[in-house]
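Taken in order, these protein sequences are the chains called A and B.
Letter by letter, the first sequence follows residues 1 to 158 of my numbering.
Letter by letter, the second sequence follows residues 1001 to 1777 of my numbering.
It is possible that part of the hints are untrue.
To be verified - Among the chain A residues that face chain B by a calculated CB cut under 7 Å, a handful are: (1) A2; (2) K3; (3) G41; (4) C42; (5) Q68; (6) C72; (7) S73; (8) I77; (9) E78; (10) Q90; (11) F135; (12) R137; (13) C138.
Unchecked claim - Okay, derived cross-link-like pairs now, DSS-like style, lysine-lysine, Cα gap no bigger than 25 Å in a straight line: (14) B/K1184 with A/K146; (15) B/K1184 with B/K1648; (16) B/K1767 with B/K1752; (17) A/K146 with B/K1752; (18) A/K146 with B/K1767; (19) A/K3 with A/K81; (20) B/K1343 with B/K1402; (21) B/K1034 with A/K3; (22) B/K1648 with A/K146.
By construction, these hints were calculated from the structure, which means they are not laboratory data.
Cβ atoms here follow ideal geometry from the backbone N, Cα and C, with glycine treated the same way.
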Amino acid sequence: MAKQTVSFSLNGAPVSLEVDTRLLLVHLLREELSLTGTHIGCDTSQCGACTVFMDGASVKSCTVFGLQADGCSILTIEGLKQDGELHPLQEAFWNEHGLQCGYCTPGMIMSAYGLLNENSDPSETEIREGLRGNFCRCTGYHNIVKAVQSAAATMRGK
Amino acid sequence: MTSTQIPKLVGEPIRRREDPRLITGLSTYVDDLKLPGMLHMSIVRSTHGHARLRNVDVSRARAREGVSLVMTGTEAKAWGEMLPTAAPLGNSATRYPLSDGVVRFVGEGIAAVVAGDRYTARDASELIDVDYEDLPVVVDALKAMEPGASLLHPDFKTNVCVTVPVGDKEATEAGFRDADVTIKQWMVNHRLIPNPMEPRGVVAHFDPGQETLTVWSSTQVPHLLKWLLSGLVRLPEHKVRVIAPEVGGGFGCKIDVYAEDILCSLASIHLGKPVKWIEERTENFMATIHGRDIHAEIELAARSDGRLLAQRMNVIADIGAYQQLLTAAIPTLTSLMFPGVYKVPALYAEVTEVYTNKTPTDAYRGAGRPEATYFIERAMDLLAHKLNMDPVEIRRRNFIEKDAFPYQTATGMAYDSGDYEPALELALEKAGYDDLRREQEELRKQGRYLGIGVSTYVEICGIGPSAMVPGGGWEGGSVRVERTGKVTVLTGTSPHGQGGETAFSQIVAEELGVPMDDVTVLHGDTSQVPFGVGTFGSRAIAIGGTAIVMSVEKVKEKAKKFAGLMLEASPDDLVYESGRIFVPGHEDKGVTIQEVANAAWGGTVLPPDTEPGLEATSYFEPSNCTFPFGAHVCVVEIDRDTGKVELKKYISVDDCGNVINPMIVEGQVHGGLAQGIGQALMEEAVYDTDGQLLTGSFMDYNLPKAEQLPSFELYRTTTPTPVNPLGAKGVGEAGTIGATPAVVNAVVDALKPFGVDHVDMMLRPEKLWRIMQGGTQ
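Chain A on its own, in the form it takes in the complex (with noise of 0.2 Å):
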């Protein structure tokens, strides 16, 4: 296989290696970076749970080219908690029980990222409809919701 170099800002620090052309960016980070915290659900872009925020966007990690990351700053569940502090999103769901067997956890905080850095302040219906790219099998999503709604409210008082 070709190889090629990449070199990214994953979590607030660089990183740089050498891929295989044909990598793909979830499993970059999760093989070769040892980032296990974002998720592989599908095969075919619907379920959500390798979602990382890339560049301002909340993307599926498993539809991107670990080289497409060249140059770009990357943002994994691992890299959320700050100063041993939990983002307002982890606490969140850990409070309203957002979460049940937590695998498509990561990738749903971080489109919940993405979201919330988009609109600060959404409805119930907007956070429906900005989750939908996003599965949960365990909760019905009711939980999800009123934790995005939770993490929001305080992430507009700070």
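Using the hints provided, position chain B relative to the given structure of chain A.
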């Protein structure tokens, strides 16, 4: 030394201790494991619904650089055994982990490739050439029963696996002879695909030096898997260890023992290296078990006042191509719950299970109870319609009364406890039922179609006595107070999203009077937890929790013996309260559980006839299952122009007995409702007549999304069970069971002005639009 006051924990909505690792990406699912020298496996699967394999040419794959091993049916048959079934019935057909010459459904394994990395394994699997000789395909159970139908397993000379009669035929016929009114309806309860968000995954590591096999599997039943797998790969059981690490949901589909558990193990034994297999979602759609596909002609006989006299069922279950672990047991489990919450004096049912060229079915959330509840709840609406009675009133008239418990049903079940009418009345009050009926009338005049659906359900949880559960219905639990007073709890259950670590900690911390943070709960590793069964059928708290409570009691009794010596008092005179042991009236002289633990493990203070240490292990064998119940009200409006169903309101009243953590209980109901609503309105596994799975990815299978669901309104009533000391019944399946009939009843209710009294699921907009255009379904 005095211990701190322990706040009340049981019954409190304490946030989960599992969550910090899950919300930060620090948990370890099977795919997160990386062992030195680990190889990766990819499976070649049948693309034909039914075919003889003329030739499987693996030469190009074997020659591919980086490939360590290619297995076909030949190796699978030579090295291992057939897939197990714990409850074989009738003409029991099972299979080797890779086909030995005939494939009977799309997705059946043909070859396995093991290579240095997953990309190479996948590339090499595409170099395998399979030469298929097509055989006739049958995907419809009714057609599979016809004379001359293509046979999946010709040795049986039929596609019928088994027919099981249930109940009293003569009494039922007498009931129909005496009836003022009868109804009869064929109902479809279609096939679903469980789809936990984490697909299955296995890492098998055979250590050639130790001659031990360690298997990490995304399973609900690590202990059953260890027991069965040892035989399947021909290793003694004490040389096999199974670990269920973080498991991303199961919903029943991870109760099974799968081909890949065996194949990874065989490959690792053969190569002496760790082998990983991670299921792709597209594989999951066809290679992991499906659920439901149980259909029935249901007949009810009643008096003119609506009181039931008899129930008759002809049930056809399409079980797919083979029997897996519990396949044949699911339709018979259905039959036990046919009468639902009603007094049915006589019942007779015949349950026929049929092989077709589809993925095998097995347990999916509710496993039999959703089907039974759907049939009777839909039928009660039909009866109400025929008698021109409100669907609520027909239910009230037929409920089993609260003083009739324990209640013996016509299907041989002994319902433990129940009080059905208050749950229904609460749901109606919260929904504003009478106002809704008036609103419906008004809207109909405007050409708008509001529907109000009611369902009442009873189901089986705390499964259950060992006579009912192949492999054992008991559960084990150990409690060890460590030398420093910290507490380690071992459970044979295997939580995979339910929050068992939190709930068990609440129970133990409160019972022992120690801080919750001092309790750790271990599960899922057969080398840590000696014996267990697993998590399914809402048995974790009811049975697993009881085993833990039994161990806590033993630990407290033993602690009193040590305390007796330390306080120079008779253990019989001592009281255990909030983590302290003392003589009543002399609280200030007491000792703490932490002090007792230190002494007990020190060995220098040893009461007569007592061993050192402070731990206990218990196994709880329940006398009966538990029978939670509830009432749901669903309000829908159907768009006249598109047939789209809008869920306007959803009220769920559930009674699962005593509750350990109400926040977790509500979460279980929310998720259950989503899956029950999903069946009614969104999800359906569809095959074409060639046996191709048309809904084989998330692009085609409509898994409920956030924007497709409403927020839910939940309420509870509390009727404890006498079956276990916690009084807890279980709640994992309730939402799924109550929701499907509530939604379908609401949609049919909305369509009444179009002369409709039944519509089969799945209720896609096109189907409803055609009805409103005056067409057929």
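Checked hints:
no.: 1; hint: A2; result: 13 Å, violated
no.: 2; hint: K3; result: 13 Å, violated
no.: 3; hint: G41; result: 5 Å, holds
no.: 4; hint: C42; result: 4 Å, holds
no.: 5; hint: Q68; result: 17 Å, violated
no.: 6; hint: C72; result: 19 Å, violated
no.: 7; hint: S73; result: 18 Å, violated
no.: 8; hint: I77; result: 4 Å, holds
no.: 9; hint: E78; result: 5 Å, holds
no.: 10; hint: Q90; result: 4 Å, holds
no.: 11; hint: F135; result: 5 Å, holds
no.: 12; hint: R137; result: 5 Å, holds
no.: 13; hint: C138; result: 5 Å, holds
no.: 14; hint: B/K1184 with A/K146; result: 44 Å, violated
no.: 15; hint: B/K1184 with B/K1648; result: 31 Å, violated
no.: 16; hint: B/K1767 with B/K1752; result: 15 Å, holds
no.: 17; hint: A/K146 with B/K1752; result: 36 Å, violated
no.: 18; hint: A/K146 with B/K1767; result: 34 Å, violated
no.: 19; hint: A/K3 with A/K81; result: 33 Å, violated
no.: 20; hint: B/K1343 with B/K1402; result: 12 Å, holds
no.: 21; hint: B/K1034 with A/K3; result: 22 Å, holds
no.: 22; hint: B/K1648 with A/K146; result: 18 Å, holds
Checked against the numbered hints given earlier, the structure breaks hints 1, 2, 5, 6, 7, 14, 15, 17, 18 and 19 and satisfies all the rest.
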